[in-house]
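Take the given structure of chain G and dock chain R to it, following the hints.
Chains G and R supply the protein sequences, listed in that same order. Going by the UniProt record's numbering, the residue at position 157 of the first sequence is 157; the numbering climbs one at a time, nothing skipped. Going by the UniProt record's numbering, the residue at position 189 of the second sequence is 189; the numbering climbs one at a time, nothing skipped.
For the record, the hints were derived by calculation from the structure and aren't laboratory data. Treat the hints with care, as some may be off.
Pulled a few chain R residues facing chain G out of the computed Cβ check, cut under 7 Å [as the list claims (entries may be wrong)]:
#1 Met259
#2 Ala280
#3 Ser283
Residues from chain R that keep clear of chain G, each with C-beta distances beyond 12 Å, as calculated [claimed, not checked]:
#4 Leu8
#5 Gly20
#6 Val59
#7 Glu81
#8 Gly127
#9 Ser128
#10 Pro130
#11 Glu168
#12 Lys173
#13 Tyr189
#14 Thr237
#15 Arg250
#16 Glu291
Derived DEER-like restraints, expressed as beta-carbon distance ranges [to be verified]:
#17 G:Asn119 to R:Ser230: 38 to 48 Å
#18 R:His285 to G:Leu111: 18 to 28 Å
#19 G:Ile66 to R:Leu165: 46 to 56 Å
Where is the CB? At the ideal position from N, CA and C, for every residue including glycine.
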Amino acid sequence: MARLSKEERKVSIMTKALELFSKEGFYQTTMPAIAEKIGMSVGNLYNYFTSKEMLAKDLILYIANILGEEIRRINESPMSTQEKIEAIVHMYFKIAKDRPETIEYFLRVYLSNREVFQNSCEGMICVSAFVTEMMIFFEEGVRSGDLRDQDFFSAFGLFMGYLGGMVFINGENILPKPLESYEHTIAENIYYALKSR
Amino acid sequence: MPSNPAKLKVIWLQGITCNGNTHSFLNDPALGTLLETIEFIHHPLLPCQKTLKDLVKKVPKSDVLIFEGAYSAPFERAGVEMRTLLPALAHKAKHIISMGSCASFGGIFKENDPEHISGIVFDKENGSGPLKAMQEKVITLSGCPAHPKWLSFVIDMISAGREILVDEFRRPKELYAYLVHNGCLRNEYFEWKVDSERFGTKEGCLFYAQGCQGPYTHGSCNKILWNDVSSKTRSGTPCVGCTEPAFPKRDLFTTKTYMSIPSEMPLGIPKRSYLALAGAAKSFHIKRLEERLIDDHA
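Chain G on its own, in the form it takes in the complex (with noise of 0.2 Å):
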């Protein structure tokens, strides 16, 4: 079997890492502990991460890559800006379903240790390739005419808000229906409170 070279085994550490930082936060992941679960030792470990706040770091780059690309996969597609939140909001809910740590750790160890993030990971530096994607959509929305004018943060808190508030309450499991059932109405409100007038 072919060896993995060290950005496949980079990628294979953090997909480990990223369930236990989920599930336990990062104050309780260790750096042992995560060794432990890929099965290797911890100073070969830090040959891979200088530390547990650089593979925190990289794995919220990591993330917004994966969330980024979606995106943009949707913004360069022929959709209407209906469809394409349609489509976003169903690539969201099948994230969080079929990957749920990733958001996860998006909303329990990104958006809730900010002090972890401080340094070298100021603002929307390591989010870029996401929020970047959503300007792009949020501007052609406006651009073509769907949307309406407003403060950016304002329509963004909007849209993400809802999905990550919807995917934190479905993971207390207050939600009656699966998750994916709510796709069209939630669709269907965010455009409906976005759209021009």
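Frame of chain G; chain R shown alone:
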């Protein structure tokens, strides 16, 4: 002893104009030196050989015809319509300079009669003006007004028999290949997305909140300073894009945005890359750039 080289014979003709380019020219600190190399056959203000009436009686040859102001075919000078006078003078000129934005693209005066007023070669960005057929000998010096040193540069190049490289609007690249953004003292504020909230201050970028056109406008205003000391952006006023064919734009002091994102990216920058960079830059709070440069209360 070698004799002095012959002075260039120049005609300065005005179309529909506010005299802004004439005033700019008269403010050139090097005007005295320039007048040692040129001789006006006709100028509307300076002492010269011929009046306008003389010009129309017998159309003279010239080395350089400078046209200031917008072109309108029925507009008259000395009782002769411009549709007759301008081509006649142009045919007998070796070089032609369209001086200022009105002569170049129609400018401010075109706003009054968009159908019938244009520049001498270009009507906005369309090459459909009356001298289109002889555009090879036309040099465009757009600007409202054009900087006097831009004119003296062109005259010096003609005088020296040097080739003047031009862009698609026949503007000398040596003067217009730059953006006004280039050399702007506020570039550091632009890089880090620190905005200026009002005119007249030394601090902040004028792009987002004040409508500065510097990143879209070709011109050397921040390299060849006005009166040798300043420029619009240096004095705290946004660039209004006066060298471009689209001048004057509407809503002069606002940058059109869609959901807080500029509707036009700075020239040559892909949107995705610009937004990623801008987002990252905005994440930093650089105290030095958020403070007054000179604290009045210190």
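Right, here's what the structure says about each hint:
Look at methionine 259 of chain R: its Cβ gets to within about 4 Å of chain G, closer than 7 Å, so that hint holds up. The interface hint given for alanine 280 of chain R is met, as the beta carbon of that residue sits about 5 Å from the closest beta carbon of chain G, less than 7 Å. This hint holds: serine 283 of chain R has a C-beta 2 Å from the nearest C-beta of chain G, less than the 7 Å allowed. No beta-carbon of chain G comes within 12 Å of the beta-carbon of leucine 8 of chain R; the shortest separation is about 50 Å.
Its beta-carbon lying about 36 Å from the closest one in chain G, glycine 20 of chain R satisfies the requirement of being farther than 12 Å from that chain. With a least CB separation of 52 Å from chain G, valine 59 of chain R remains clear of the 12 Å interface cut-off, as annotated. With a cut of 12 Å on Cβ distances, glutamate 81 of chain R stays outside the contact zone with chain G, its closest approach being about 45 Å. Even its closest Cβ contact with chain G, about 29 Å, leaves glycine 127 of chain R beyond 12 Å, as expected for a residue assigned away from the interface.
The claim that serine 128 of chain R lies off the interface holds: its Cβ sits roughly 30 Å from the closest Cβ of chain G, which is beyond the 12 Å cut-off. Against chain G, the non-interface label of proline 130 of chain R holds: every CB pair exceeds 12 Å, the least being about 37 Å. The beta carbon of glutamate 168 of chain R is kept farther than 12 Å from every beta carbon of chain G, the shortest such distance being approximately 27 Å. Interface exclusion of lysine 173 of chain R from chain G stands, the closest Cβ pair being 33 Å apart, more than 12 Å.
Tyrosine 189 of chain R, annotated as away from the interface, keeps every beta carbon of chain G farther than 12 Å; the closest lies near 17 Å. Every C-beta of chain G lies more than 12 Å from that of threonine 237 of chain R, the closest at about 26 Å, which supports listing it as non-interface. No Cβ of chain G comes within 12 Å of the Cβ of arginine 250 of chain R; the nearest lies about 17 Å off, and the non-interface call holds. With a least beta-carbon separation of about 19 Å from chain G, glutamate 291 of chain R lies farther than 12 Å from that chain, consistent with its non-interface assignment.
For the hinted restraint 38 to 48 Å between asparagine 119 of chain G and serine 230 of chain R, the CB-CB distance of approximately 41 Å keeps it satisfied. For histidine 285 of chain R and leucine 111 of chain G, the Cβ-Cβ distance of about 20 Å falls inside the hinted range of 18 to 28 Å, so the restraint holds. About 48 Å separates the C-beta atoms of isoleucine 66 of chain G and leucine 165 of chain R, a value consistent with the hinted range of 46 to 56 Å.
In this structure, every one of the numbered hints holds.
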